[in-house]
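With the hints as extra help, turn the sequences into a complete structure.
Going line by line, the protein sequences match chains E and X. Going by UniProt numbering, 44 is the number at position 44 of the first sequence; the sequence numbering is gapless. Going by UniProt numbering, 258 is the number at position 258 of the second sequence; the sequence numbering is gapless.
To be clear, the hints were calculated from the coordinates, so they are not data collected in a lab. There's no promise every hint is true.
[Said to hold, decoys possible] Not the full set, but computed from the structure, chain X residues with beta-carbon under 8 Å of chain E:
| # | residue |
| --- | --- |
| 1 | Lys202 |
| 2 | Ile642 |
| 3 | Thr672 |
| 4 | Arg686 |
Given the structure is predicted, the values throughout are model-derived calculations rather than measurements. Just so it is clear, CB atoms sit at the ideal spot from N, CA and C, and this is done for glycine as well.
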Amino acid sequence: MSFTLKVNGRAHTVDVPEDTPLLYVLRDELGLNGAKYGCGVGQCGACTVLSNGTSLRSCVVPAARLGGRELTTLEGLRAPDGAPHPLQKAFLAEQAGQCAYCIPGMLMAAAALLREKPRPSEAEIRTALDANLCRCGSHNRIVRAIQRAAAELAK
Amino acid sequence: MSTPVDRRTVLKGSLVLAFSLMGPHALGAAPRPGGLPRSLRAHPRLDAWLEISADGVVTLKTGKVELGQGVLTALGQICADELDVDFSRLTLVSGDTVRSPDEGTTAGSMSMPESGTAVRHAAAEARALLLEMAGQHLGVKASRLRVKDGLITAPGGRSVTYWSLMGGKSLNREATGTVSPKPPGERRYIGRPVPRVDLPAKVMGEPVFVQDFRSDTLVHGRVVRAPSPGASLVEVDTARVEGLPGVLKVVRDGDFLAVIATREWLAIKAAASLAETARWREQEALPVDVHAWLLEQPTQDTVIEDTPRPTDEASARTVEARYRRPYQMHGAIGPSCAVAEWDGDVLTVHSHSQSIFDTTEAIARMLRLPTDKVHGRHLQGSGCYGHNGADDAAADAALLAHALPGRAVRVQWSREDEHACEPYGSAMVMKVRAGVSDRGDVLDWDYELWSMPHGTRPGGNPGNLLAGRSRASPFRMPVPRNGGPPSYAADRNAIPLYAFPGRKVTTHFVPRMPLRVSSMRALGAYGNVFAIESFMDELAHAAGADPVDFRLRQLQDARARAVILKAAERFGWSPAPRPPGRGRGIGFARYKNLASYCAVCVEVSVDPKTRAVRVLRAVLAADAGEVVNPDGLVNQLEGGLIQSLSWSLKEAVRYDARRVLSRDWSTYPILTFSEVPPVDVALIDRPGEPFLGAGEAAQGPTAAALANAVFDATGVRVRDLPLTPERLAASGKQG
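Listed below in structure tokens is the structure:
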């Protein structure tokens, strides 16, 4: 079925089976890498994107249902001039990641959190990211990076 | 330039040949004691490691691969220092079977000792060679020249660059072993927290993972997995699926069943349809109590340490205990993935394998292709922490690509595939008995362990690949073997580092494996260090001694003592009473008894009602020899500690007599953000000492520190991992 999706500020017409999860439309039709496949059942957060500014597990929601939404992937996080988002700068400053396969999902979950709560406490960050899994053990660096970005954004 | 020498000739090689090559460019220094570092000895030509192009790009080639551990950054630091070029000038090629030196598997905390040392010496030799050439060019003795970022300057200011000297030619000389690397004081990059070279692209969403590989001919393959270990495919209706939209091909070869489709979602749906029509013959053969099963099996027994006590006074008491670890999984966040393309002549395989060279060879043999017609290229994947599904996914992709020429076939394992089909870390049983003195110190130490294999990597053999074993003409899986000294495998770290007067250590190796098992971060050291360090804690308690003092008074190795003292000091270890329900514990090991020293202290609280363990904080002290990148090392050690907390608090593969039941993250939960404690890592740097490798050092000490802290908090000794609330309650009842 053919429908229009608005991703990172641009409208795209796609033609895919109507049950196709957003993840596969982003990766295979639009060529975007930000959303990662991790579990396909909404348990790990690697595929997190923003839908109207709140976090969404792209692996479990059919794209066809998201026609009216403003969708943002990691590629859309940076400024229009290409400058990295304060979260991206902060993750690099803290060297927050090892294999970093989970990091795109962490960045998007953090972006949703900061939009809702610009100065979250450490405990609020941990709670907000509790369903985003990291296996390398980079959790504490990720928390510090989000705190750093929050401080930067509050300036 | 000397005549190029066939690498194989040298490899086979006699010392005579190797030394005869030194002649033309021996540079004065004495040969390195022990000869060239291992990887450089295997690939002595400098152009195997380094290319210097006419436009000033320096390419460093390594056989080791980036797994998220930061190895490429660290190797670049070493190279930039020894070659005297800016770090930013470097390009890295890693894990390419055509371009990189074959350095075997990226595992065992060996990348810095092997590749790091080889790169250091190769770069030092290249620099010396370039200085010699510059000396002739400028008419000045090489010793009077100075180098900065490849610009060689003579007294008086005349200069020449590496790039103009090389003129695009290759460094086709053999390493001599006569050039000494720089002294520690002259290094610019080593010891500094150079940011990871691979992180920016990952944080910005650029295509860096094998999962992100794209090409014009890309199609998507999905394998339909057997529902249980050892199941065979009885029948399947392929015709129904062949007619589905987007389906290009259904491949059935014995028990191997897969589909290729134009789009990934169509491949997923087609695979689900295939799975519905497939009928499998399953067995009910899994031992539900694997620990009891281990003790009943025929074993290969090896006494790996047997030192009778020199004196014969009777011990005051004998104490014994038995410990167990379950099957645990690597649990990569990104399931395994590979892309392969067959052009009718050459098969190219992109894989996140840790053993790209051996796996490529195994794939060539699986498809009966000449080895030089299969090109393996490492692309990064999700962190693997050992032998996971990566190699099997590469074989899947290769088999499908071979069946559909001209297309790049991408095989993405599902979450369920990875959970149910990856090779696990082996369950183990450890028994220890000690005769102790009046004071409680160990006089006689008798340790036995039972374990299945910890190494079933491909090793060039298609019988070690799921696809190879599943075909109609299957390759037989070779009988696994245990690894021997000095690193060992099941018995890794089974020999205690403590100076016990009498010591005996026996390995009972069980080569059978009802569930497939292989190398998982630290191999047997996780179980062995958990057992040894838990038992040391039990002995300390029985002796009425402080656990830190008790260890120190039986430990002579000065570097071991230093990390224990450092961890205790940073932690604020004290005999002061703890609040109710709170406790602290320590664990220590030198990984493999030859790599990094690591001591871990943790503080826990245990809920009196739920028996849930909460880790409040952790401190780790490590001595990894000379530190190349302190931030990278801290990151990796902290990550290892947190992963071991996850294993030790929560993780055990669930299964019944027929099937694996841990098939997603709800049936195999891991530690989450709100459960991760603050971690403080202290490094003891040893400039000028060998790189020791640290990627696995924290796994065992963390498990023991945790169990010891739980005992300190509750008086309950849990000897079975993981330390779940149910287990605490059960252990408490047993007293």
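Against the structure, the hints come out as follows:
The restraint placing Lys202(X) at the interface with chain E holds, with a minimum CB-CB distance near 4 Å, inside the 8 Å limit. Restraint check, Ile642(X) versus chain E: the minimum CB separation of about 3 Å is within 8 Å; hint holds. About 5 Å separates the beta-carbon of Thr672(X) from the nearest beta-carbon of chain E, less than 8 Å, and the hint is met. At its closest, the beta carbon of Arg686(X) sits 23 Å from a beta carbon of chain E; the interface hint therefore is violated under the 8 Å criterion.
Of the numbered hints given earlier, the model fails hint 4 alone.
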